[in-house]
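Following the hints, position chain B against chain A.
Heads up: the sequence lines are chains A and B, in that order.
The numbering of the first sequence is my numbering, which starts it at 1 and goes up by one.
The numbering of the second sequence is my numbering, which starts it at 1 and goes up by one.
Read the hints as simulated data drawn from the structure, not as lab findings.
Careful: at least some of the hints might be erroneous.
Repeated chains share a single entry, so a pair holds when one copy, or any two copies, can fit it.
Lysine to any residue pairs mimicking SDA-like chemistry, simulated, CA-CA at most 25 Å apart [as the list claims (entries may be wrong)]:
(1) K8 <-> E46
(2) K36 <-> G80
(3) K43 <-> G80
(4) K111 <-> S38
Protein chains: 2
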Amino acid sequence: MFAVNLLKELEHVDEYWSPRVVGQVNDQFIKVAKLKGSFVWHKHDEEDELFYIVKGCLVIEYEDEHITLREGDFHVVPRGAMHNPVAEDECWIALIESTTTKHTGDIVVDKTRSIEQQLGER
Amino acid sequence: MFAVNLLKELEHVDEYWSPRVVGQVNDQFIKVAKLKGSFVWHKHDEEDELFYIVKGCLVIEYEDEHITLREGDFHVVPRGAMHNPVAEDECWIALIESTTTKHTGDIVVDKTRSIEQQLGER
Chain A
1 MFAVNLLKEL EHVDEYWSPR VVGQVNDQFI KVAKLKGSFV WHKHDEEDEL FYIVKGCLVI
61 EYEDEHITLR EGDFHVVPRG AMHNPVAEDE CWIALIESTT TKHTGDIVVD KTRSIEQQLG
121 ER
Chain B
1 MFAVNLLKEL EHVDEYWSPR VVGQVNDQFI KVAKLKGSFV WHKHDEEDEL FYIVKGCLVI
61 EYEDEHITLR EGDFHVVPRG AMHNPVAEDE CWIALIESTT TKHTGDIVVD KTRSIEQQLG
121 ER
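If we strip away everything but chain A, and leave its shape as in the complex, we get (with noise of 0.2 Å):
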């Protein structure tokens, strides 16, 4: 039995989009992640996913309108639904997501990490 706090598990953090699972609650993973910059456009069709702000601010980019999240919003992403993150500075987020969920959807960037790569970070 065991805490975790999601500050210092983002201090460890040292590359920007680059999710680490720091747990799990049934079915879904527990996630933090610094953004800086912008993104990629991606959707996810069968699972929807939830931002929360730890420090910082985000965009949630979509496609015909935009939504700003500031420390202590949380925003669930619907499911088929096309966004992109925008941080203009330095973000600390959670996420919470299905286990199956994908990084970036059905795409492949550079930016793209699997969820062995976000498990074996810790």
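Chain B in isolation, oriented as in the chain A frame:
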């Protein structure tokens, strides 16, 4: 599309031990709750339950140990484990649990809230 701020949601909670559903990601509800005092020993046979501390301090008692959680910590109570949350002072938390999870497992006490009550208070 909207953001939910955990602190702001918690400011609206006026009853201890009465979780309020503030979001859903896949098959999991996101809830907020204010806690004070000792809850009740119970378990969830089929579901894990995640506690995240927004403000204050919470002890999760198990039959043979206990774990102390502070602001920014999360902890997953494994399915099947008898546990009792205890907050010496007021504590503000978020919970992640399956949409099927019953508040106090298979027992019913005065503090027990139905899922309809947890949803209806929004």
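Verification of the supplied hints:
For the identical chains of this complex, K8 and E46 are neighbours neither inside a copy (31 Å) nor across copies (30 Å), given an alpha-carbon limit of 25 Å. In this assembly of identical chains, the alpha carbons of K36 and G80 lie at most 25 Å apart only when taken from the same copy (24 Å versus 40 Å across copies). Proximity of K43 and G80 under a CA criterion of 25 Å is satisfied intra-copy only: 6 Å inside one chain copy versus 35 Å between copies. With identical chains, the CA atoms of K111 and S38 are at most 25 Å apart within one copy only, with a shortest distance of 11 Å there and 46 Å across copies.
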